[in-house]
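Asker: The lines below spell out each chain.
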Amino acid sequence: MFDQKNPYLPYSVIIDDIVVETEDKSLKTFKLVIEDEGIRQNWNHTPGQFAMLSVPGKGEAAIGIASSPTEKGYLLFTVSRIGSLTTALHQLPKGARIGVRGPLGNGFPVNSEFKGKNIVVIAGGYAFTTLRATIVYLLAHRQDYGKITLIYGARTPGMLLYRNELKDWEQSGLVECHITVDREAPGWNGIVGFVPAVTERVAPAPENSVAVVCGPPIMIKFTMPALEKTGWKDEQIYLSLENRMKCGLGVCGHCNVGPVYVCKDGPVFTRARVKGLPVEF
Amino acid sequence: MTVKHAELTQEIQRQAKELLASGEVAAFLGFSAGSLPMTTRPFVARTPQEAERLVWNSFCTVNLANYLPALLKSLEPPRSPKDPPPTGPLPKVGVLATGCWSRNIVVQIQENQVDRSRLVILGVPSRGMVDRKKVLAALQGKEVLEAQEDDHSLRLKGKWGETELSRWAVVRDNCQSCRHPNPVLFDRLLDAASERQAQAPFSQIEAIEAMSSDERWQWFQQAFASCIRCYACRNACPLCYCSTCFVDDNRPQWVGKALNAPDVLTFHILRAFHCAGRCTDCGACESVCPMGIKVRLLTQKLSKDILTLFGAEAGMDVSVPPPFTTYAPSDQNPFECDTCSSKGKKE
Amino acid sequence: MNNTKGSVLVIGGGITGVQTALDLADSGFYVYLVERTAAIGGVMSQLDKTFPTNDCSACILSPKLVECGRHLNIQLLTLSELVSLKGEPGNFRAVIRENPRYVDANKCIACGMCAEKCPKVVPNEFNNGLGTRKAAYLKFPQAVPLKYAIDAKHCIWLNKPGRCGACAKACPAGAINFDDKPKEHILEVGAVALALGFETYDPSLLDFTGYGRLKNVVTSLEFERLLSPSGPCLGHMERPSDHAIPKRIAWLQCVGSRDINRACNAYCSSVCCMYAIKQAVIAKEHAAGHLDATIFYMDMRTHGKDFEKYYERAKASGISFIRSRVHSVWPAGQAVHTQKGFEYGHDLLVRYSDEDGHLHEETFDLVVLSVGMQLSASARGLLSKLDIPLNSHGFVPFSSFSPNSTSKPGIFICGPVSDPKDIPQSVTEASSVAAEISALLSSSRWQTTKTKEFPPERDITAEPPRIGVFVCHCGINIASVVNVKEVAEYARTLPGVVFVQDNLFTCSQDTIVNMVATIRREGLNRVVVASCTPRTHEPLFQETLREAGLNPYLFEMANIRDQDSWVHQNEPEKATQKAKDLVRMAIAKVRGDQPLSANVVPVHKRALVIGGGVTGMVAALSLADQGFPVDLVEKAEGLGGNARRLYRTWQGEEVAEMLQSLIDRTTNHANITLHSSTTLERTSGSVGRFKTTLSNGKEIEHGVAILAVGGQPWRPSGEWQYLYGEEERVKTLLEVDELCMADENVKATGRSPLLSQLNHVVFIHCVGSRIPERPYCSRVCCTHAIDQALKLKELNPRMNIYMLYRDIRTYGQREILYQEARAKGIVFIRYDLNNRPTLTKDGDTLCIGAMDHVLKRPLVIHPDMVVLASAVEPRRDAGELSKFFKCSINAEGFLMEAHAKLRPVDFATDGVFLAGLCHYPKPLEESIAQAKAAAVRAVRVLAQDVVPAESAVAVVNPAKCVTCGVCAKICPYSAISKDPVLQKASVDASLCKGCGACVASCRSDAITLKNMGNEQIMAAIEAAMCNCGG
Amino acid sequence: MKIRINDHQLIQWIQGLITKFQVFYPLQDANSGVVHIQKATGSLNSDAILKPVSGVPKTSIKTFFMPQPEVIARFSIAAQDAEAFVLKEPGTALQTQVLLNIRPCDARSVALNSMPYAEDPYFQKMLKRTVIIGRPCDETCSTCFCELVGGSPHGTEGMDLVILKTEDGLALEVLTQKGADFLKQNPCAESAGLQPTPQQQGGQELPIVAREMQKKDLLALYNASFWPQIAEACINCGACTFLCPTCYCFDIQDEVAGTKGVRLRYWDSCMFPLFTLHASGHNPRGQKVQRVRNRFMHKFKYFPDRFGPVSCVGCGRCVKDCPVNIDIREVISLMQAV
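As given, the protein sequences belong to chains A, B, C and D, one line each in that order. Using our numbering, read the first sequence as starting at 1 and increasing by one per residue. Using our numbering, read the second sequence as starting at 1 and increasing by one per residue. Using our numbering, read the third sequence as starting at 1 and increasing by one per residue. Using our numbering, read the fourth sequence as starting at 1 and increasing by one per residue.
If you are wondering where the hints come from, they were derived from the structure by calculation, not from laboratory data. In this text, a Cβ means the ideal position worked out from N, Cα and C, and glycines have one as well. Please note that the accuracy of each hint is not assured.
[Unchecked claim] Cβ-to-Cβ under 10 Å is the rule here; a few derived chain A residues that face chain B:
1. Gly59
2. Ser84
3. Thr87
4. Pro93
[To be verified] DEER-style ranges, computed between Cβ atoms:
5. B:Ser166 <-> D:Pro198: 51 to 61 Å
6. C:Pro772 <-> B:Asp115: 44 to 54 Å
7. C:Ile260 <-> B:Leu309: 53 to 63 Å
8. D:Thr197 <-> B:Glu146: 33 to 43 Å
9. B:Leu309 <-> C:Ala891: 33 to 43 Å
10. D:Lys184 <-> A:Ala272: 31 to 41 Å
11. A:Lys167 <-> B:Glu76: 28 to 38 Å
The task is simple: from the sequences and hints, build the whole structure.
Answerer: In structure tokens form, the structure reads like this:
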């Protein structure tokens, strides 16, 4: 939908709300409202896409869009404080103006390959953000998809994102939730264990299903064999890569993995496609 | 080829082969012939056969010490950053070292970058290396297709014919002003020590110092105007081993990244200061500069100041701590403020 | 039940009393500090610079005063006097009368309006009557408490109610209270410390000085005020008569000291030689070198640490030293007869005779009288009230072995009340008294003290900065130059700033209370105060943040007073601009501040004392008596050190008996573990948790260490050998002491064979002292030699004794011995380095050759014995030992204290202390006082469960660290080492002092100081450079 | 279509251009012998225009299309500014620039770079403002290898106009509509009404090397054993990438002075470790060999796979100026041999 003449110029947005997501306060969800009403109303994106968040004076960073296109009027971004841009962003108060450039990349094929299939969402840590967008989207078009299973793990209960929504999904029965934490923790009555182990235990059969897997490299590395064991094919598994990006348009050269540009050709790839690429991500 | 350098090439090949064959070293760091006239290529021989490709001539301008830390590390068993360092003897590396390179190795030892016990240093007293840019200038830009060197002359051939140049006339500035052509640290010395000793090592600097401050500023801007910030000077320098160089840092962003005077000059002046008290004037920075910038004039100025103020020269002795890691009450503090240090207080 | 009170009464708010109070309060006792005037600080607050470091007196004193004023366990009672004291050690009842201030200290914001409006001008006693103040006044600008007072004697209203009241009208805080009445405080205390200080001798009694008649004859203390920037001429050194800057100044030494004839003060005042030199040096600096400075003296007594070098430098800088007693001071030039009578010029004629007896006259612009010290009338009154007698010189008598005790148990003395002394010695005694009291009351430690409770800290990590800015008028200090309102309005426009307020005095009690409420109400998470210096006020504001539940490190100060309004008085617009810049920078920096954890180190409550001489033993016993276990390490087999060779003190007290009882107590004390024939192998750790391995294999964990490794007599050699070691008739002082002791034993049996048979004895002074290779005075030898000579005279009154000396340095009441020696016919012959005495042998006859300085004739003496007063030198292993604890030594090899003036027994290294001869040569009573002082300074640590460690420490970013090791080499605290696994630099936060040397040295930018990160500094610099909207 | 012009006409025409536009052409520095593309001034070096200097200019012409640095947006950070933190186009008016006597290899690099930059507004603007007047190479250097990578010393790809040497003097040929328009507005001799010579479009065959590389297996090339040896001497400076006319990677960064900020883009180099460094510290190309390989793989495999031709024009700059003599021709032959 990027119809603006100059793809390097972000839209101005206002921080409408800030939610501290995790107990260590390193993750905040920013609710952004595009200032230009026309652009705001015409905004559309696909779950899995990302945008460049821009703090003028500090630069830009690629962040996955955590809101679903079905959530109108605003955008959500859940941002981890790790670099200079994200640190600056975390320092901003409500009402501050920043920029959003996007949506960028390809997103999950929710309107093509996913249609009519069972969806397994596997997430670890804060890579869950675009998967939230995905689940919210799937739920908004619930009739188009089969069973939705969520396997989501975090280090501690306090590090889980979107805790209220997780509860809602679980209680509504619309999503089969398997929420896990790495270690026993006081007050935690749910599953304990790493995502790959939980996946192996609860992963549904691969027939007529697709899986989307996002998380730290180590989690992905060990989740793949778990899926393979239960008969999943590389073509059914969707991954999201996150290389360093600058232009978001496939030009500047930073994010290439072999011949593909993560920002333009990705970030979503099937595992089959990833296997044909050099391991430079 | 020059007689002296031909002899040395043979000797280097012989000794490298011997070191590799005996297993004393796992790798030997030297030069192989380049693909163009007047070039050489830093080269690691790992077998006695490969050692036959080693050469020694007037075009060995890259400082081999620059490669040592990574080469040594590459020979260690792989480990993750959280594993303890390996114990027990680790494979050794043979390396050629002229005066300045050996002094860089000393600095690297002092700064924990290389382990002396893992080096077999073959000292080569330097006859001075040739500056390709001087040759190019002498030939008004005509392309050299073949270069032959004798002990005291260079014969250059191209489409235009043939020209003979005095070798010393095209030797690099840093070699012409060199006071320590002989290695200060070595296991074997491959040639008799040189008696070369520049009389006025800082004459280039003194000429710039003699300028007025306006002139100097003009000179500074002019001299670095063509910089493209490829950082070849930095990357060719054995002192520049920071994992994140200040120019690449963005928290804070010390230097802008543009090609304009403030950013470019800041890079060069700061880099020079980071080398203060450590630079051996090996000239690699200047030799590798694709734009022909006289980069080393900055570091040389600081070397002069450090020699004058602290009587120190970098890398002359492993046991002498570098000047900027020590404090002595006798250190000159010409910048000390008179008003803050009333006479009674200096005790 | 424990009846011992845990509170202490300290009388006297000078530096001595302040130090006693601080040491006691930090050691677990509650202190009432009673001061007669309106503010603490004493004479030291009147001084300009201090010798021998030329530190600004107010600058080094102020922090102590502020600390005292803010201390939770010190209650200041100013304008107060002791009315009565009853009881016994551990349980006294004191009645204090607090005289009315007529200003409510709780309301006063020290804005200065009362003084500005007060019409009554009176001489300013703080400036010694030079210049004026108002009847409503602040004692001095840095006064603690910073509260105005009304001088009842001069106040118009108080004398004629209804006639004035201008101050009450002007006071914005409604603090004036003309109905203020004296209050009585009844205090229950366990002990009393008398730090009564001194007053200077009043030279108007000495007609020859012209003081009182000639305006340009001033006392040394008056001259300090002329030099001081806070003095009547704002430090421009103007002479009183015409405000001209003097170009020729004479100092007259010994005015009111060493003077039996006219002043009736026989003693030497100890400090005047040094302060006169200092004044001459500073005056020369003031005059940019265009000054002729002449000091008229009898003996130059520069016997303290680094004094001799100071003297030598002064001589080299061209200050004239004339050995002469001035005859008289006259007006220079012809008198002019006017209607008012005879009038003279402003210059002064000084008449003096030189050593050869020739009379000279010299003209000066100003004459400074180096007046001596004596007890003030009020001090004498108080002592008599307490029934503590004075000796014939007007001082409280003391025992060399217990120099701070009085005849009344539980009442202690410190400072010049017992003998004239300088600041370091007074401060040492202050601590020594604290040690005595801490031991006496140790059962009640922490029983009556208060502790401060703070609310839990708010977690602000996820909050965007909400910055509060408080801009201070500082009365008129800032506001008279800087447009404070404008600065405040400007601050409001800066990013992140959500609250701005300007205050008359941000540090006043009501503002502080208000600030706490504001921080809570506005949800501030960063605070900037734009006011004065963080040096004095940062702790206060940081505490305010804590009270508001904020981490104290989320705070920055912009110094818009010292660095702005004070230095740009004449450029108010630019000053306002600069204030904005400073505020903008502070805001830019505070944005990056993060909460820092309060680093603490648990204290291992055990002390290590190194050295088993008198000093070490006293220190160990003091610690042990205060209730802490001690390991005492002595290199030799037995205890006692040099004292075993000492016969008696200058007060005639024999050492041996005292020493034996000390050894017995040390050996038998339950809290002392003795390690004799033992040395140190290595030490690691830092304050609170040292670990030391001894040569006997034992490993000791200790929280503190005291180095009392002593000194040693120099063995005369080279050109100072004087046949020593070759000729048995040539002895050193200690060797003669040993003979005296042997003699005592013989005397017990009735005869004194050896010493009494001598006929001619020559003492040679300064053997090895005050020479280029040992450029210091050994301090003890003059007194020792003279006392020994007197002993010889005692044994044989007909003995001929000659003293070959350079300057006789019998400081304080030791001077009496010198006078006695002269009276008893001991011959004093002065020599200088160009004319050293010679000693040769003619056959078996010893020949001393000297030059008679009076007759200017060579002189030959054939002595039976030659006694060499050889130098005291530091032990050679002191340097090695100091390295264990990262302490430094000076060029002569003496251990270097943290601060020559105010931290005389501390090292720069926390938790390590020094005492005794390893610090500098000194007599027994000074070593003993120092030992006790070191002990109480150590107890300040041991009494705590944890000691604070620096919070703003260095941190390594391992991703950037390249392990070059420069930081580790450069760290003065050895806080950085290589992590054995990561192979990167790693900082021990409990050792790091946050000095930043590593940060500066790291090329890779891998080390930063917490809250002083490069991003923050760059943010501040960028803010400084960009003149955004200001 | 072309016209004959004599020396005098050419010089006069260029003199005229200088008065209206910024004109740049290669000149040899008398002291160092190095050729630089320099701005033409009133004192035109006619010799250097009529008989172009031999040798490849030190730096390429990419700087005229990708300025180093280039302002891509401006903004204000003044709190009181209603439009604070809104990024806007720099809005600087761009005037025509003329690049004269451009070698075929450099001109061709513009055509190659236009492929990835097809939709880049800044590059396209620069392209639009620039008229390239090319000059075939009469003399090649020993380091030239344009023909190996699909170019030719007499190629005209990327040029708008070309100055040709004929048997009896010079000729000016129009290659593009832009060239024709330019000539119409700035006529030279009887140039008015000249139409572009039809170019062989589309049917142009890819050079052998590109076709070879396209056929090769990506991972086989990637995992070839020679990469470590090639990388061994590399010091990871950016000399090759910055001198290369077809290296086009860039970075974006903001700079603020006072309350004014600009967003800049400037050249970046895949040789630098930071190029791919994640904020988390992870670096997918953390090792030197990975970066060296990426540069060559990009030029000879990734680019052809995406766009067809190889991303190299054979100018030989990197061969000449690599501080450690890494010779791209050797790399090509090694890659061909896989």
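Asker: Now, for every hint given, state plainly whether the structure supports it.
Answerer: Here is how each hint holds up against the structure:
Taking 10 Å as the C-beta cut-off, the interface hint given for A:Gly59 holds, the closest approach to chain B being about 8 Å. Here the hint on A:Ser84 is kept, as its CB sits about 5 Å from the closest CB of chain B, short of 10 Å. Hint status for A:Thr87 relative to chain B: holds, with the closest Cβ pair at about 8 Å, below 10 Å. Proximity of A:Pro93 to chain B is violated relative to the hint, the smallest CB-CB distance being about 21 Å (cut-off 10 Å).
Against the hinted window of 51 to 61 Å, the Cβ-Cβ separation of B:Ser166 and D:Pro198 comes to about 57 Å, which satisfies the hint. Taking 44 to 54 Å as the suggested C-beta distance range, the pair C:Pro772 and B:Asp115 conforms, at roughly 47 Å. Range check, C:Ile260 to B:Leu309: Cβ separation about 58 Å, and the 53 to 63 Å hint holds. At about 41 Å, the CB distance of D:Thr197 to B:Glu146 agrees with the hint of 33 to 43 Å.
Under the hint 33 to 43 Å, the C-beta atoms of B:Leu309 and C:Ala891, about 22 Å apart, miss the expected range. Between D:Lys184 and A:Ala272 the Cβ separation comes to about 55 Å, which falls outside the hinted range of 31 to 41 Å. One distance hint, 28 to 38 Å for the beta-carbon pair A:Lys167 and B:Glu76, is violated here, with the actual separation near 51 Å.
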